[in-house]
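Assembly of the complex is requested from the two constituent chains, each provided in isolation within its own frame, with the hints serving as guidance.
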Amino acid sequence: MSRRAPAGQLALPIAEGTAARPRGGRADGMRGALATARNRLVLGGALFALAFATIAVRLVDVALVTDGFEPRAARPPAVSAAELARRDIVDRNGVLLATNLPTATLYAEPARVPDARATAARLAAVLPDLDPATVLARLTGSRNTVWLKRDLTPRQQKAVNRLGLPGLGFERAERRVYPLGRLAAHVVGYAGIDNQGLAGLERAFDAALRTATPGAARPLRLTLDVRIQYLVRDELARAIARFGAKGGAAIVMEANSAAVRAMVSLPDFDPNAVGEAPRQALFNRASQGAYEMGSTFKIFTAAMSLDSGIASLGDRYDATRPIRIARFVIRDYRPENRWLTVPEVFVYSSNIGAARIAVAVGAAAQRRFLDRLGLLRPAAIEIPEVARPLLPQPWSEIATMTVGFGHGLAVSPLQLTAAVAAVVNGGVFHRPTLIAGTRSPGTRVILARTSAELRGLMRRVVEETTGRKAAVPGYAIGGKTGTAEKPGPNGYRRDALLSSFVAAFPIDRPRFVVFAMLDEPHGRPETLGYATAGWTAAPLVGRIIARLGPLAGFPAAAESGSTPREGLRVAF
Amino acid sequence: MTAGASFLWAVLIGASAAGAYQLTLAVQRTEAELARLDTELVESREAIHVLKAEWAYLTRPERLATLARRHLALVPMEPGQLGDPAALPYAGAGAIAALDREEAAP
Numbered sequence: 000m001s002r003r004a005p006a007g008q009l010a011l012p013i014a015e016g017t018a019a020r021p022r023g024g025r026a027d028g029m030r031g032a033l034a035t036a037r038n039r040l041v042l043g044g045a046l047f048a049l050a051f052a053t054i055a056v057r058l059v060d061v062a063l064v065t066d067g068f069e070p071r072a073a074r075p076p077a078v079s080a081a082e083l084a085r086r087d088i089v090d091r092n093g094v095l096l097a098t099n100l101p102t103a104t105l106y107a108e109p110a111r112v113p114d115a116r117a118t119a120a121r122l123a124a125v126l127p128d129l130d131p132a133t134v135l136a137r138l139t140g141s142r143n144t145v146w147l148k149r150d151l152t153p154r155q156q157k158a159v160n161r162l163g164l165p166g167l168g169f170e171r172a173e174r175r176v177y178p179l180g181r182l183a184a185h186v187v188g189y190a191g192i193d194n195q196g197l198a199g200l201e202r203a204f205d206a207a208l209r210t211a212t213p214g215a216a217r218p219l220r221l222t223l224d225v226r227i228q229y230l231v232r233d234e235l236a237r238a239i240a241r242f243g244a245k246g247g248a249a250i251v252m253e254a255n256s257a258a259v260r261a262m263v264s265l266p267d268f269d270p271n272a273v274g275e276a277p278r279q280a281l282f283n284r285a286s287q288g289a290y291e292m293g294s295t296f297k298i299f300t301a302a303m304s305l306d307s308g309i310a311s312l313g314d315r316y317d318a319t320r321p322i323r324i325a326r327f328v329i330r331d332y333r334p335e336n337r338w339l340t341v342p343e344v345f346v347y348s349s350n351i352g353a354a355r356i357a358v359a360v361g362a363a364a365q366r367r368f369l370d371r372l373g374l375l376r377p378a379a380i381e382i383p384e385v386a387r388p389l390l391p392q393p394w395s396e397i398a399t400m401t402v403g404f405g406h407g408l409a410v411s412p413l414q415l416t417a418a419v420a421a422v423v424n425g426g427v428f429h430r431p432t433l434i435a436g437t438r439s440p441g442t443r444v445i446l447a448r449t450s451a452e453l454r455g456l457m458r459r460v461v462e463e464t465t466g467r468k469a470a471v472p473g474y475a476i477g478g479k480t481g482t483a484e485k486p487g488p489n490g491y492r493r494d495a496l497l498s499s500f501v502a503a504f505p506i507d508r509p510r511f512v513v514f515a516m517l518d519e520p521h522g523r524p525e526t527l528g529y530a531t532a533g534w535t536a537a538p539l540v541g542r543i544i545a546r547l548g549p550l551a552g553f554p555a556a557a558e559s560g561s562t563p564r565e566g567l568r569v570a571f
Numbered sequence: 000m001t002a003g004a005s006f007l008w009a010v011l012i013g014a015s016a017a018g019a020y021q022l023t024l025a026v027q028r029t030e031a032e033l034a035r036l037d038t039e040l041v042e043s044r045e046a047i048h049v050l051k052a053e054w055a056y057l058t059r060p061e062r063l064a065t066l067a068r069r070h071l072a073l074v075p076m077e078p079g080q081l082g083d084p085a086a087l088p089y090a091g092a093g094a095i096a097a098l099d100r101e102e103a104a105p
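Taken in order, these protein sequences are the chains called A and B. Counting from 0, one number per residue, gives the positions in the first sequence under numbering that gives the first Met the number 0. Counting from 0, one number per residue, gives the positions in the second sequence under numbering that gives the first Met the number 0.
Check before you lean on any hint, since a few could be wrong.
Said to hold, decoys possible - Each computed SDA-like pair below joins lysine to any residue, with the alpha-carbon atoms no more than 20 Å apart: (1) B/K51 - A/V176; (2) B/K51 - A/R181; (3) B/K51 - A/A172; (4) A/K157 - B/E39; (5) B/K51 - A/G93; (6) A/K157 - B/S43; (7) B/K51 - A/G180; (8) B/K51 - A/N271; (9) A/K468 - B/P78; (10) B/K51 - B/E61; (11) A/K148 - A/I192; (12) B/K51 - A/D150; (13) B/K51 - A/R226; (14) A/K148 - A/L162; (15) B/K51 - A/P153; (16) A/K157 - B/L50; (17) A/K157 - B/E42; (18) A/K157 - B/A46; (19) A/K157 - B/I47.
In short, the hints are calculated from the structure, not lab data.
Just chain B, same shape as in the assembly (with noise of 0.2 Å):
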């Protein structure tokens, strides 16, 4: 009985400290883990930082330009390349028609 009893005891104790030992590890990995996430974090943020003032630079007006004057054939829009559908001439419903039957026909 006090056998037992003791035992039963000792085993607790051992398993209450095993735990406690495995607990203790976990928390300490996942602080570890932590501090590196937030080191992390801090420096992507950084990064990030520097990199949209980089782009700030890099996607300036002036420069674009010059790229885009030597890199491709577009050149700045004029005013009468910008339309309004609403102004363009509408044929009437009867055209439509006109087109539905065209298509159905073979």
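One chain only, chain A, in its complex shape (with noise of 0.2 Å):
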């Protein structure tokens, strides 16, 4: 229509200006050229109105309809939280425990620095921890590139920037940081500087904590607590300096999910600083080390015995002296002298009667229980640093004695833990795990009537025996002391212990399985020379739960006798 429109509007004039034309003989060259002229313009007109049509086109094509090419706005490729190269790992509560900072490094182009020595000099101004000889030499040498300084802080690099020296500039990089410390630093673990898991949960989960998915970088939580962790690691830390202890190691564990709560192992490093770390720090003795526990084993020949039906609580065994069997000779530590039932020998602590009641069961009993216990192998907990535990071979039936006491089987601390908890929980095991969420559907090992006896002898030793300085006040505790002799070179060494404690906690409910352990504690005049377990692992446990209680929300029960002053009567 548009190319029409011109040439109608040309045509007419034309036709009116040959209309008003004389008739002659020069009619039909005219009217030849004026056709030509015509057609002429006909075709420029037609020319001009397809060269706007097209632009008229274009400019809505370009102003509506596509968006070109071009982005829209110059994102800056966006380095932010969630598209670091490590995913941050956090506990319970969300308490930051590792997470990737962004860091700044300082690097020259000495062709293009015009001053060397001044450009030190300021450097070192600004950097204190900068040597200005050594920045002189490097701008001064033949590489076209060098780095000055690594890790620079946003403070330092906008420091830097405000010299405003020529030849100067910053490379980013990423470190990974552990704002806590030392505080979970077996658990959690160390990166390399390339950003690569070593140890722990780092290690572990290596390539999961690699993938930084951008948008969707959640941190993995853990079940630790970082408020239990320092209190039973400032506990676990005071006890090992109060008896001279080697080490030690502690563990918090919920008793119905296997979920641990704490885990600390002692001597520990810091994660920030792993390369300073002398190397037996690295050693994360609650899962790595695998110790003859000794008499909180006890818990589990009892507990096998009783369910088996092989025994019942009147049942009584003879300790009427030590056992000799083959080369050795198996004696209590405080001899009872008599006939003992199975709660006397559980709450006494005989050795001998333990052996007996363990022998009843029989080697193969014992064995297939302990299995079902998590005892037998590796804990399968997400750390890749678990102990093996270390079976006797052959399982003989001074084995089956011995370990029936805690001795020739040799397990660790988690496993240990792992297993009484489920023995206090009501009789069913759960794979111990450290990742939140996580809850493995566990498997019955014992009769829920069984684990309610087990309670209640728990408890009597806390209440009558070794146990009784882990008692707090208004806490209901039950728990079992296991005092092992270190093996050495020439059978087992008197002078050094491993003595430990394990509790459950409220024991009528369990919550929270605490265990503690102490290598090589020595005994002081307050505890008039003893280092076993009830006098050093007992009272640290106790310490432990006098801090847990308020902090997990349990009100102490109101001592029995001590009736209330009239003073607190209230009327709502």
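If you want it as structure tokens, here you go:
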């Protein structure tokens, strides 16, 4: 339409003009010329119309229809929290345990540095730990690019920028940082300088932590509670210092899910400076060490005999004198020298009695039972540092006896704690875990009735015998001591003890299982020189529970016999 | 007529050109603003991330315990300090009525 309109307009005057012309011989020639001119005009008009139409179409196209090939906004490559090279690790309450921080590395291009001496001097003034002589040497070297300093803080970076020195530049880098330092070092582990997980959960979840899917970089959440971890470490460190122990380990586990709330091994290390840590500090005693635990194993001996019906609470076992078998003598620490019932064997911690019960149950049944409690296989927990338990070879009658009171079979504290949790929680074994939200379905290992009986026995240990120092006023605690002599080159060493205590709290419906172990504690005057579990590990567990209880919201029961004073009477 | 049409077209072209120019300018300004906001967003996110790490470092239990010991008259809670309201002896409805009477009395 637009193409025809100009032609029509043009045609009109020409036609009129033609009509107005006088008739003549030149009229034919005129008409021919006019026709040519008209055709040319039409053609030109058409071309212009086409051009305008194209422009119009393109205008609409550009303005309204297409978005063009250019990006609308120049988005910088977003280096945000979501796109860091490694995900965070947080505790159950979201407290940061490990994170990646952006840092800058300062470099220089010597060719573009006009005055090396002044540059070196001014840099050293801003970054005090930089030696001007070294910087000068690097700046005057022959290399194209020289690194001057790693891991600058944002403040330092700003200070260097403010100097306005030419020839300097920053390269972005990332650094793994553990804000809480030593607190959960053995559990969290550490990552190397190239963001590679080298130990602990950092190693176990290395691949998962690296896949920083943009926008979906959820942190790895643990079952650990930093507050509990701290109080456990605090108390353990105090006990180690007090008894001059070589080290120690402590675990707080939820009884009903085997979720680890705290796991401490001392000595520990600072994951921010792993290189400076002595080798033995990297060793996780709580999961990596296999120890003969001693009398705490009587929990399992009693549980298996009562559960299988081989013994009942009233049955008596001969503990009148030490058992001599092959070249071994099994004797009691504090001999009662009489026939003992199963509760008495447990409460007085009689090795002879436990050995007799174990023999009555039999090697095969014992082995099966301990296996179901996860004591014969490495603990199935997420960290790679787990001990392979050391089993007696062969599992002879002597072995059956000694395992009955916790010798001849070495397990890790973690395995023991998980097994005790199964015994006290009503009889269901769960795989211990460190990752929030993972709960193993659990397998029944003993009857609920047996579990209740064992809780009663453990309560008596704290109320009556070796565990008395673990008692906390107002709290119902049950537990069992274990003092083992450490094996040396010439048999067991009387001077090197491994004192441990495992407790359940509150004992009538356990919520937590607390384990603590001291490696080679030494007696003190106030413990009458004793370094046994009842004097060292039991009070430690008591202290842990006394601090854990209020934190977990357990009110202390009113002391029996103490009636509330009249002033406390309240009418609501 | 022809002149009128031409003038009309000229005005229309001029107006649309001016409009297009204004629009382009506005778009450019908005895009610059968007780029600035994007950069700011990235920087803020990074700052938040760094501050979170710093917060975790400054609130580590060990440090809080030391500071609390130095500056506060507070000590760790003992089990006996936590109670269950239900454990309190209940004086009974009669006592409440008595209290009400006491309050009501001048």
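(request) For the pair we were handed, B/K51 and A/R181, check the Cα-Cα distance against 20 Å. (result) 18 Å, holds
(message) Against the 20 Å threshold, does the CA-CA distance of B/K51 and A/A172 hold or violate the hint?
(response) 18 Å, holds
(message) Can you confirm whether the C-alpha distance between B/K51 and A/D150 stays at or below 20 Å?
(response) 18 Å, holds
(request) Would you check the hint for A/K148 and A/I192, treating anything up to 20 Å between C-alpha atoms as holding? (result) 15 Å, holds
(request) Starting from A/K157, check that the Cα of B/E39 is at most 20 Å away, please. (result) 17 Å, holds
(message) Hinted pair, alpha-carbon criterion (20 Å max): A/K157, B/L50. Please report holds or violated.
(response) The hint holds at about 17 Å.
(message) Please verify whether B/K51 and A/P153 have alpha carbons no more than 20 Å apart.
(response) It holds: about 15 Å lies between the C-alpha atoms, which stays within 20 Å.
(request) Below or equal to 20 Å on CA atoms is what counts here, so check A/K157 against B/I47. (result) 18 Å, holds
(message) Run the distance test for A/K157 versus B/A46: straight-line Cα separation, threshold 20 Å.
(response) 14 Å, holds
(request) Assess, step by step, whether the Cα of B/K51 is no farther than 20 Å from the Cα of A/G93, and give holds or violated. (result) Answer holds: B/K51 to A/G93 is near 11 Å, not above 20 Å.
(message) Run the distance test for B/K51 versus A/V176: straight-line Cα separation, threshold 20 Å.
(response) 12 Å, holds
(message) Run the distance test for B/K51 versus B/E61: straight-line Cα separation, threshold 20 Å.
(response) The hint holds at about 18 Å.
In summary, the structure agrees with every hint in the numbered list given earlier.
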